[in-house]
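Chain R is fixed; fit chains Z, A and X onto it per the hints.
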Amino acid sequence: MQLSWSSLLPVFILLSSMIPGLLIFAVREEQVSLRTTLNLTGVVLKLFFVGLMLYGVSRGQDFRFALPFLPNAPLVLHGDALSLQFVTLSSVLWLATTIYAIGYLGKAQLRSRFFAYFSLCISATVGLALAGNLITFLLFYELLTLATFPLVVHRGTPESLRAGRIYLAYTIGGGTMLMLGVALLHSLANTQEFIAGGYLSDMAEAHDVGLRVAFVLMILGLGVKAALIPLHSWLPQAMVAPAPVSALLHAVAVVKAGAFGIIRVVYDVYGVETSTNLSLTQPLLWLAAATILYGSVRALQQQDLKKRLAYSTVSQVSYITLGVALVGPLAAIGGIVHLMHQGLMKITLFFCAGNFSATLGVHKIQEMDGLGNRMPMTMAAFTIGALGMIGVPPIAGFISKWYLGAGALQSDAMWALLVIMVSSLLNAAYFLPLVYRGWFCASPQQGWPAEQSWPGQRFETHWMLLLPPLFTALLSILAGIFAGSFFSPLGWSQFIVAREFSL
Amino acid sequence: MNYALVSVALPMITVVLLFLVAAPVYSRLQTLVTGGLVIIITVISLSTSWLALLEAAAQSTTSYLAIGGWEDGLAIRFRLTPVVALMLTFTALIHLLLALYGTFSRHGVPKDYWSLSCFLHGSLAALWLSADLFNLYVTLELLSLSAVALVALAGPGAWKPAADYLLLSLAASLCYLFGVALIYGRYGLLDIAMLTVVVNDDLITRLALLLMTAGLMLKAALWPLHLWLPAAHASAPTAVSALLSALVVKAPLFILWVLWSQVAPPVMAQQIGPVFALIGILALVFGGFSAMRTPYLKVLVAYSTVAQLGYALMALGLLLAWQQPEMNSALWLFVIAHGLAKTSLFLAAGQMQTTLGTKRISGLRGATQTTPIAMFAFAVAGGSLIGLPPSGGFLAKWVLLEPLLSQPQNWPWVLGILLGTLVSAAYIFRLVVMAFDRARINPPDISSDHVGQWLALVPAVLVWGMALAGEQLIQLLGEGI
Amino acid sequence: MNSGAFYLSVGMAVFLIGLHGLLVLQDNLRRVIAVNLMGAGVFLVLVALATRTDPVDPVLQALAVTGLVVAISATAFALRLVSARIRHQQHKTKPDDGRLSSHKDKPR
Amino acid sequence: MAELVLDITLAVLLLSMAWGALHAPIINNGIGLFVAFGIVLALTWARLGAPDLALAEAAIGAGLTGVLLLHAARAIPVPTATTVMRPLQMMPSILLILLVLGLLTVITSSGPDSVFQQTPPLPDLVEERIADSGVEHPVTAVLMNFRAWDTLLELFVLLLALFGVRQLFPGQRVITRTGTQLSAADKPVKVQPWPPLMAWMGVLAPLLVLTGGYLLWHGSTAPGGAFQAGAILAAAAAVLHLIQNLPALRWSLWPVRALICGGALLFLVVAISTAWLGAGWLHYPQPGNKLLIVTIEVIATLSIAVTLALLVTGDSDDFTR
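Protein chains in written order, with this note's numbering: chain R, 1 to 503; chain Z, 1 to 481; chain A, 1 to 108; chain X, 1 to 321.
By construction, these hints were calculated from the structure, which means they are not laboratory data.
Some hints here could point you the wrong way.
These stretches of chain A come out as covered by chain X in the derived footprint (C-beta under 8 Å, 3 or more residues) [what the hints assert, rightly or not]:
#: 1; segment: 16-26
#: 2; segment: 36-42
#: 3; segment: 47-56
#: 4; segment: 75-88
Here are the computed distance ranges between Cβ atoms for each label pair [as the list claims (entries may be wrong)]:
#: 5; chain 1: X; residue 1: MET90; chain 2: Z; residue 2: PRO224; range: 21 to 31 Å
#: 6; chain 1: Z; residue 1: PRO224; chain 2: X; residue 2: GLN89; range: 41 to 51 Å
#: 7; chain 1: Z; residue 1: LEU278; chain 2: X; residue 2: GLY102; range: 23 to 33 Å
#: 8; chain 1: Z; residue 1: GLY465; chain 2: R; residue 2: MET203; range: 31 to 41 Å
No residue lacks a Cβ here, since even glycine has one placed at the ideal position from N, Cα and C.
Looking at chain R on its own, in the form it has when it is part of the complex (with noise of 0.2 Å):
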């Protein structure tokens, strides 16, 4: 194996977030400034690293980097275009929750703790999204699970506790049968690295069984994540961690690896045609649209708003895993550019909740009449993700919406596309009484329920609380008016599909 800058920088990436998170665990509490340039350092190492690999994919180049590990099943790390784009995402929107979670946790314990597994995690999501073969992914995903957990249970107050356990049951679980699934497909065809359009074609007919049975376990394994139903219920009750982790883990880094997972399984393992000649995207077509309207339905019912958003998450993140299984070149892009878009957009919404809470005190959707007027910029923000999940154009979940629209008429699969009206509709029910609540209602007489300020601040909360949702609102506008260009999220989502159906 020959060490060149091109097989290097995949790991350069990974290793951007991981050293410094394992430094982290070594810093004593008091050691801020430390702290925060370890952290800050990697995010812009991380990101200038993966602004090289963008440029290089864009022009062709391959990173690819290797390892033995088992017999004919190697670790492979390979930036590939769909990678980069879960990577880059990633990448930049931890940028946004590390500013956000140093003003967040303030002057709390444990913070070298927590610093250290949030970097830990985001190595996970990326080594995931680099994962060249299903046997790296499976090692990755695992150690998502286990890095994420000390987050989930970071409080450590006995509600967080259950909590852990219930993520743990589920998350441990579905990994014991991912791994399942993919000893299943190795024991038949060895583990091959990922490639566009799948490397069980010529197996189809003699394995049928076995290659079933493996696509759900796997489907299963990645379930869990991906929130589809029945698997979701650790989600909601996750909730109880901290706000950065509800929001970049929650909302991105944990359910997106799900369904980045199935995106991988489906299109580079399996292949669009093995999959649909197995019958095995109609299942899951039905499984993603009943999580769609289930997770509606159900975010309805909430009244605390971090249980809505979490219940909102399960329902957009089964949009992905619907715009795969709809089998057709515009569902995909609609898939795979809503990995992006709803990332930028429930980052947003989970940024202003946690602002709420800390700054107002706000957990309640009653507790929100006139939060416009005490923080008109981040309600502003938490309007542009409200109204971006419902559709509204120009914001980028419209994009996404159109295309799965467009992509369910184009697999004449009318249904779905009824489906995707209809939840919109819910989302609109469930979203659009927050933002008149937050505007037009008069702020409660008797005050906030628990207002705190900060020394010398000088906004509506703490600068580094503030920052991150107006960037990250500010990104999913971008990404919907830019969605021309070749570096929107759209345009790239159109690169990687031109090669998965060979367009």
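Using the frame of chain R, we list chains Z, A and X on its own:
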């Protein structure tokens, strides 16, 4: 072969020397000197057995050494195979880790630990090398006696479990010896390689193998003959629990493997294989279940040994049932991964127990803050027991799964592995979750011992580091014998 | 039936008596005797088998001698352990065994 | 005919004493029966043409084990009235044992595969190579040369047993320090031994030592050898200890330790040097193997004797430093 001989002779010489000097190890300095000596010895032993491993890996055939130069089965023979060399290396490694712990950890080891641990090392090394049924009996006895003496080191509280352990172990050895007598009666031979050629499938052979198997299963605490193990392992001093769990129970398993995969005719092996595999699954489930229910920390770790041995037995059973040499690597990877992980678990448990002043699991509330490194070691080692990638436990499970999954008619066995994984995840994470409790922290009694905690972490890191050599290990061990 | 076969059966009978005793008896001292009987049974089997050849098989006899010494060593240790324990129990006026048994160990 | 009567008598004695030793209502009777069992077993071995074993059994099996058992029984405060099985209750057990026994006998001794149909190859080999072994008696040849590795390990087993026992008496025991709780169990009662025994022992002990020495020397050509000799010496030591005529063997004395370790150490050194300088592990150099074996045997005998004596007679004083 000469390298292997050095790794046997060194600990035995050390035993005699320590015995002769008989310096009372009371002061810190004396501990350092004794510990330092043992560390040097184990390092040399480790390097020579490593050389032996390289030697064994390089040769295509098994090398024998007829002791005293007598051929034709008259004398005992030593045998060096990759598995043997690997076990030699592994034994020296674990002994080295524990010697480091005993020397540098504040909680250390009892004063008589050193010579006994060298006894254990020497007898294990002799056992791995031996290719003679009766000589195996002698080494087994040597091993059991040193194990019991080590358990008794914990003081009067451990004497009852130690006595029970000793009696059962003696009875088990005698069952084994009875079997050996019958084998000699039938074939007139004791040398394993020579028996392989002549042995055939008849009632006496079956009876002999059955007796030996029963004895060995009792010694290895294979379910359902495991009842002595939790008490003995839990009451022993920390370092001793680690030795017992990582090494001692593996020795009878090794003999069992030799018997069934090399001595017994394949027809019989194929018949007993599914039984072993089934017992293995039952061990996984019931052992894991007991581990989930016990309120005591070290008992939990001890029961997890019972459960984890189920994997090894399952691998052995399937190896026999299908006569697939690849299963060898699953078996020995399990043994090594479990040994390393268990060393870490026991050391970490000992650290937490001493620091937090309780033997109960409930005392671990808040351990992520009070004894962070020990708890981290516990979780990391636990991850290997569960089989999370890319730990050593995962490697083993992967190798075991491959042949199971490739044939649809074997899929039911996978359920057993699945169950085992979930149960072990349940008992490890039950404890880990508790350690994150910040609401009801159990305050430590004494300041924690950082060196000891870090030393507890070392084997856990090693077991995850096995991933780096995964492919080589699997190939080396997969060759059979 | 020659005498070898006869003593082989006797040996097995002694072994079984010992095994049975080990399983049914509670008293540790008796269990030590039981284990010793098992050993005696096995040695009898070895020696009975040795009579098959003329002169008797020296290998088997040597095995029996070795086994006997191993047995006495183990028995001595076992008996010392058992009696040490009994003595300790008699003197357990002080509740200590010097080990971890703090108030925290009481079930909550 | 006479042989048959002898065989049956021995068998009946063996079995009934074995059963009685386990199930006697009073433990001390059980121990007595066990010692008697040992003596009958020694006779049986003599009958089966195994004089080596008969010697070893008489000294080790019956004598030393008996002393150990009585020593342990003394620790028990009152002879425990363990639940005694009535004959009727024993019936199922006895039937079960008989059934299994029958099964085992059928498997081992009947049919074409019966063990008595086989001729083991090793005895011929021993006979063929005994000339090169340096020893004339076949059992000793096997023990000291052909299977010397077993014997070496066995010395380590003895050493280990002693070590295990020793650490049961850790230094500075609280009880003996404070001196308040001394009882019969802690310190052997220094009763005056039975006078005739005192008188006899004066004669017997030297005789036993002589016998031991003879057995050792004799072992190379006829039944006898290191273990038997060592065991008899240990028995002598035990008896002398009983009449308090022996200076206490103390662990803390370095000559005692040296004696104990000597056998194992010498044997191991021989093994290592033969592997390093000679032809291989325990491969004795051809001329001089006789001398080497005899040296090992002498040292081993002393080691065994001291080890066994300390194992059997040593009390806490002997082990503390």
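Okay, the hints, checked on the actual structure:
no.: 1; hint: 16-26; verdict: holds (count 8)
no.: 2; hint: 36-42; verdict: holds (count 3)
no.: 3; hint: 47-56; verdict: holds (count 9)
no.: 4; hint: 75-88; verdict: holds (count 11)
no.: 5; hint: X:MET90 / Z:PRO224: 21 to 31 Å; verdict: holds (27 Å)
no.: 6; hint: Z:PRO224 / X:GLN89: 41 to 51 Å; verdict: violated (26 Å)
no.: 7; hint: Z:LEU278 / X:GLY102: 23 to 33 Å; verdict: holds (30 Å)
no.: 8; hint: Z:GLY465 / R:MET203: 31 to 41 Å; verdict: holds (35 Å)
Hint 6 from the list above is the single one not met by this structure.
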